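These are the residues of each chain, in order.
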Amino acid sequence: MNAPFRTAAGGRHDRGRPVSFSFDGKTYQGFAGDTLASALLANGVCLMGRSFKYHRPRGVIAAGSDEPNALVSVQRDAARYAPNLRATQVELYEGLSSESQNRWPSLAFDVGSVNNLASPFIPAGFYYKTFMWPRKAWDRFYEPNIRAAAGLGRSPTEADPDRYLNRYAHCEVLVVGGGPAGLAAALAAAQGGGRVILADEQTELGGSLLSATDATIDGKPSDDWLAETLASLAALPNVTLLKRATAFGYFAHNMIGVTERLTDHLAAPNAATPRERLWNIRAKQVVLAAGSIERPLVFPDNDRPGILLADAARTYLNRYGVKPGKRVVVATGHDGAYRAALDLHRAGVEIAAIADLRPNPTGPLVEAARAAGLPIRPACAITGTSGGLRVITARLSPIKGAGQVGPAQIVPCDAVLMSGGFTPSVHLFSQSRGKLRWDQDLLTYLPDQSAEQERSAGACRGRFGLAEALADGFAAGAAASGAEVSRTFAVEALEGDPRGVIGALPHDRGVNAKAFVDWQNDVTTKDLKLAVREGFQSIEHIKRYTTTGMATDQGKTSNLNALGVVADVLHKPIPEVGLTTFRMPYTPVTFGALAGLARGDLFDPVRATPIHDWAAEQGAVFEDVSLWKRARYFPRGSEDMEAAVRRECVSVRAGCGIFDASTLGKIEVVGPDAAEFMNRMYVNAWTKLGVGKCRYGVLCREDGFVTDDGVVGRIAKDRFHVTTTTGGAPRVLGMMEDYLQTEWPDLNVWLTSTTEQWAVIALQGPNARRILEGLVEGIDLSPEALPHMSLAEGRIRGVPTRLFRVSFSGELGFEINVAADHGRAVWEAVWAAGQPHGLTPYGTETMHVLRAEKGFIIVGQETDGTATPDDVGLTWAVGKAKPDFVGKRSLARPAMSEPDRKQLVGLYTDDGAVVLEEGAQIVATAGQTPPMRLIGHVTSSYYSAVLGRSIALAMVSGGRARLGESLYSPSPVGDIPVKVVPTVFYDPEGARVNG
Amino acid sequence: MLLITCPYCGPRPELEFSHGGEAHIARPEKPSELSIEDWTQYLYLRANPKGLHAERWRHLHGCARFFNALRDTTTDQFVATYKAGEPRPTGGAA
Amino acid sequence: MDKTLAPNAARGALDGFTAAPALGLAAACPMTRFVLRGRAEALAAAEAELGFLLPRQACRAASLDGRHALWLGPDEWLILAPLADGPALGEALEAAMGAHPHSLVEISQRQTAIVISGPRATGLLNVGCPLDLDLAAFPVGMCTRTVFAKAEIGLWRRAPDSFHIEVWRSFSPYVWRFLEAAGAEYA
Amino acid sequence: MQKFSALELFRQGLSGQSGWRPQWRNPEPKAAYDAVIIGGGGHGLGAAYYLAKQHGLRNIAVLEKGWLGGGNTGRNTTIIRSNYLFDESAALYDHALKLWEGLSQDLNYNVMFSQRGVLMLAHTVHDVQVFKRHVHANRANGVDNEWLSAEEAKAFCPPLNIQPNMRYPVLGGALQRRGGTARHDAVAWGYARAADALGVDIIENCEVTAIRRNAAGAVEAVETTRGVIKTPKIGVSAAGHTSVVLGMAGVRLPLESYPLQALVSEPIKPVFPCVVMSNTIHAYISQSDKGELVIGAGTDVYTSYTQRGGLHINQHTLEAICELFPMFRRMRMLRNWGGIVDVTPDRSPIIAKTSVPGLYVNCGWGTGGFKATPGAAHTLAWTIAKDEPHPINAPFTIERFRDGFLIDEAAAAAVAH
Ligand SMILES: Cc1cc2nc3c(=O)[nH]c(=O)nc-3n(C[C@H](O)[C@H](O)[C@H](O)COP(=O)(O)OP(=O)(O)OC[C@H]3O[C@@H](n4cnc5c(N)ncnc54)[C@H](O)[C@@H]3O)c2cc1C
Ligand SMILES: NC(=O)c1ccc[n+]([C@@H]2O[C@H](COP(=O)([O-])OP(=O)(O)OC[C@H]3O[C@@H](n4cnc5c(N)ncnc54)[C@H](O)[C@@H]3O)[C@@H](O)[C@H]2O)c1
Ligand SMILES: Cc1cc2nc3c(=O)[nH]c(=O)nc-3n(C[C@H](O)[C@H](O)[C@H](O)COP(=O)(O)O)c2cc1C
Ligand SMILES: [Zn+2]
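Chains as they are written, first to last, in the working numbering: chain B, 1 to 995; chain A, 1 to 94; chain U, 1 to 187; chain W, 1 to 417.
One thing to keep in mind: the hints can contain errors.
[Stated by the list, open to error] Negatives, chain A to chain B, calculated, CB over 12 angstroms:
#, residue
1, ILE25
2, ARG27
3, ALA47
4, PRO49
5, GLY51
6, ALA80
7, PRO87
8, PRO89
9, THR90
[What the hints assert, rightly or not] Straight line, CA to CA, 30 angstroms or less: simulated DSS-like cross-link-like pairs of lysine-lysine:
#, chain 1, residue 1, chain 2, residue 2
10, B, LYS284, A, LYS83
11, B, LYS26, W, LYS269
12, B, LYS284, U, LYS150
13, B, LYS514, W, LYS269
14, A, LYS50, B, LYS284
15, W, LYS30, B, LYS572
16, A, LYS50, B, LYS717
17, B, LYS400, B, LYS572
18, B, LYS220, B, LYS243
19, W, LYS30, U, LYS150
20, B, LYS400, B, LYS514
21, W, LYS30, W, LYS353
22, A, LYS50, B, LYS435
23, A, LYS50, W, LYS30
24, B, LYS888, A, LYS50
25, B, LYS880, A, LYS83
26, W, LYS30, W, LYS230
27, W, LYS154, B, LYS629
28, U, LYS150, A, LYS83
None of these hints come from the bench; they were simulated from the model.
Quick caveat, the model's predicted, so the values are computed rather than measured.
Beta carbons are placed, not taken as given, at the ideal position from N, Cα and C, and that holds for glycine.
Excised from the complex, chain B in its bound form (with noise of 0.2 angstroms):
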């Protein structure tokens, strides 16, 4: 195997595990516990990325999430493909097939390329400028090219088949981050004897201690203090550690989402296990132990593949046993990049030059550079690089004073380290809403007064040596859990200063050269400068200008180093400057993972009446209603809904139809005052309807507007039985509710919804009487005894039914109301008894077009939320006599009684064998042109078979005193002239209730 850059021992990975994967077609070796980029590295591939505007070809600069470069495309399978992953956070396995990202037609070679060549031109907001003339040019030819040449990865094309599982959890102690400070919040927390959730990112526990070599805690080496460490932890029956485990956002009230990946690093995964949980965490305590990211220098050319950040080339080395060079310059501002300096030293490769801007470096860590021999150049700046797909060299000048360099030198290197220090992980502690502090010393921000039962411990609240993060975080973790314990950790390790150095290093190469600081999105100095001359002032303005921080890290090495280089420009202290908000997710979040199982019949709950199976092995057609899966039509052969409505409605008004009316809402109103209740909510005097009496029921919003309907009952003097629209049952509900808690308590009444207690049957024309005859105890069906709006109970087919004696048709018929489990038996039963006598099944359109021929109302359909109950002539429902009711005081506004609103009205079209188009509107005069004056609009329109026309419910300006006028529909094909007549278009007498 040819893996030029790995280390000969060390690292965490499986040596005895090889993998191989391909990147961009071409295979390569790496170990299992590599990442895509420790395996690419090792292989010397150095170029992994083209950049978002200038398509520069761009390296690894990182190790972790914090990577903006090197973003690639993993394709499982043609189904699993996902674009935009870092290759520092793709684990290897066998087989694993990556691609670069973002250039055509390959990665070295890009044409996109040619943008890095009229960058003069595109500075940051160049679009805003120009593209304007000639107008039409946007449209068709500005706009599609820079949406072509905008975006990073593809989409996928196909429907993921991956599963993904979310889970609530609680605990008293949820700690976020496994470096030392969290493991030793952990320990401590635990011990307090709540349930402490660890989670870290990482694919192990261990954080900074993963790649840390020389240091011992408690006397041991690191590592075996972790492994111990762990195994403790692990066997804690109230601790769960989670791992691949990325706390992605902070919501109120100690509420956190975690993203835990299951599947993507194995080779084979199995199908059942979820790609990814997300769990949403409700912690009484939160400690944050997120550690810090490592800044980047901002130099000019400092985006060259072999540039990175020193402590992940650390990590490259120590972790994953790869050498990010053979011979390496080392530029920085802050002690850590001699820890990698000594690391990589030890390791054989050559230091070339440690270019320190600090012209005194001293402390534990340069000395031990120095007494190793490193070359150390103080007061040192570097200036620039070069190399095309590679770095080459590097350029190093001496500092003097103010922002001045002098003569520069070359250098000859393959890689650059660089770190300006370290900026505390205060991402979530930010988006708790807790208030961050400007630290001048250690410049950077830190975590101030919390808003949340949260804590910060460790690098990410500054606290950045390791024995001051292990001391720190146990005492979170005691002081989050309660728990009254105390530990020390005896920790030899290199410390160094924890200061660094934000915004741009000095450089004598002129007003084009390009120091990158947001590296993803391609946003140099030269952008943050002109955007502040442009009078951008606020970092919000800079931010959205040049779209620093917007790129997929957001910012998470960049943003520091933007307020450096601004507040530079502007002159005023970084604090002064401000700070973008800080918003979830800390790293992206799959939408699958979010959305969990609501997929398909998941998606929501699909409700179904008990006698739902019988209507599908029928062949019914299903509409959805609210949840509800309704009947809208039972085709017979090959009839389509107009044929089978036709044939149903005929059916039913020439013999029976039986229809499922289980998904009407139904509320059982109890208690002494039921009836003083329903006079109060509903539009209708119910004071004197007699027990076992029936009545329409109408009821209005507190603002006047028809918002529900439906037959009520009277089973005994204090109990109703309300029906509601299907989709109105909660809302009725609730409304009624509001009312009896909030205003009434004093009232003796109670509400039950009793919707699924009920399977409802309606059997509807002549012949309904005549087929429950048979099938009746206990009830006599004579219409003396049982006249139309009347119920009764009594038995059918032996099981205990209330019968009402309704018609939503206009036909004698009669709804059976029976214990749900017995809905399809009873149902049965009825369709047995009904074959001689031509009963038809019908669904939702058919009992529509029967409403409609009677001129019944639909709620929701002739009224939309803007109608009265006069609107839809249903004044003769309203109770005058009452004092009040919801929605009365608010009928006597002047708009409701305006003579030009819109009020309901039949309508024929002079044609009969045209039928409108529901939704069509209404105008006076025929020949219109746009914005023509309208006034009304068609609600319900069908062709109606028994009158052998077609027939029409609309809303009309004045509409009642327009009976007999002609009035006209504007349509594609031209007007259609109608007539508008009485809403009753079928037995205006009302004789066939009667049967």
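Here the structure of chain B is known, so what remains is to put chains A, U and W with the ligands in place on it, guided by the hints.
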């Protein structure tokens, strides 16, 4: 997702609740006698403070009771929750 | 014509539903159910008839001889009883409460019940239910309405590893399938 | 005003883009103005621009408590359409749409108005009825809107799932081809720059803390964090904060402020050609010119000024997105944020005089006022300048709530039986 303390059931996740708008707006005894201005106030005018807000919640998927809460709309932190009918608690900086 | 339906004519919403044994899911047998509301006198009368006190502590259940009263709200209880108690129980309660203001509504078939037991019970429930189901937070005997994914359920812990889930009839297939999907990796 | 053009960009390119001047000045507030606009969002800046340009008021200022466009203008999903149901609404939004069509040229600022079409999906028979009603009403009003079958919808938006076995199958959709998106920040900046060039003082970091009224009750000055500013006319365009600002003058409005969230995915190459909205399953989506999928849905349920909301809201939104576009399930959410939207009882805006002389208000745009920006700004300017509404905003009074002349777009889409 907020954590809301139902006065009956204790702290519960927001998913179990429905929000009911401003609290302490009693329906007038005799709406028909109200002036149009007063009725409009009752119907539509709601406090929309930036700061402490007395609001109604219903523990819809719990005990189903309406109750009231004092919440700071600049932080979403609850200062108190209390049963319907009880007076708005005094003071209570967030 | 035969005037009564065959005894097996009743069909529960979960008839025929089965799940992998590892999930510990089962449909509970049919039961008699009432929602009881009322003022103090009526409640006292109901307690006398039931033979045990209605739980007044929020979110707690009380039982005697296969009859249970689950606290749903400060003046609302779900009464569960064997199927055979049927209407007779309702009539007895009505008679006992008489003219005292109350509401007793039978909802035996408005809802159905799912039982989930075993070591995975809380884990599967927490895929859709946002409550803390730790024994300390949700002890045996606790009951409450809550949500499970997009359905409302009544959740009642009957043993450390066993829950009784009340769910409206038409939502029960959804809850069942959701629990099944939640546990697909164990099936 | 320094002209923006390709030529100028090129010229500046030769000198390292060093010759650009500030897009707007950063003036100190004067002691007095002829009119003051409170709120430096698109609506407020636009109002100032039209006041200066069309009504000749040059001694005016826009006062913004933070940074320009930092309110909802800077946090909206930029959907622009005008296919509203009621004549009044359609007229207002279409007035805006017509202004959008020439805005880049008018302002000499490319606001990237992109008429890629807005497709509203119907999933139920009821949806179909409602949308067809819209289509008919719009056409009669001269507003383009057309009905597409499910197959036509898919042809227009290839990622769309129209499988009949979906939980809520797509039955078709209403398409407004003239609808689309625009670059939100550019709208604020473009108006600011153009207004500034006409002499308007744009004053950032200047929070209005009180409104002073004279003995007659009319406005006379505002107190701000940067001093007292006298003015006889105040236009309030403070979106989510309207209640707070009008409270300073003792005016109560029927408004409640809710958090509304949005999110973007990581950027990808062009895959999504239009805007798709689904009210029934609650989500809308488009792809920005930079490549992110821009996604939003409904508000959180409670009032709040925190500019954030709950994760479950986003989860519901993404459930819907993944249902409609299953191929996006492996895409990732990059950033989420919230705004504060002020909502009226009938979900229609108020652009009107208030009971206080000299005090004018533009508010109540709820979740949908970005699309109206030029129209709202234009009619607000008119109302301030003439002390009477433009015919287009005349129906959008405060009094409509008293009298019952609501313009209830939300109720009009009421869920049926
Ligand atoms: C997430 C989200 C998505 C949306 N999506 C869409 C969409 O797709 N399409 C659409 O049409 N609309 C959408 N909207 C609505 C739209 O954003 C707004 O209606 C519109 O931008 C309002 O513009 P504005 O100028 O009135 O308000 P804003 O831009 O909010 O401006 C008001 C300004 O007033 C300032 N202010 C407040 N108080 C004071 C004070 N006391 N002193 C000084 N200044 C003050 C604020 O700081 C703010 O800058 C969305 C909104 C949100 C939040
Ligand atoms: N001397 C220095 O200047 C310096 C600088 C940086 C780090 N260090 C070292 O850092 C250590 C500090 O320890 P520490 O524990 O504070 O930090 P750490 O970096 O060791 O651990 C932080 C852990 O948190 C994880 N993490 C971060 N954000 C996360 C999120 N949102 N979700 C899940 N996991 C997340 C990281 O993956 C990491 O494993 C010490 O060992 C110290 O030596 C030193
Ligand atoms: C249409 C639109 C597109 C956006 N695209 C991005 C983006 O690509 N990257 C990003 O980081 N933020 C993006 N944002 C979000 C902003 O970063 C920011 O969250 C938003 O303006 C709200 O401001 P705040 O988060 O600072 O409160 C976008 C916002 C909008 C309105
Ligand atoms: Zn409760």
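Could you work out which of the previously given hints the structure breaks and list their numbers from low to high? The structure conflicts with hints 1, 2, 16, 19, 24, 25, although it agrees with all the remaining ones.
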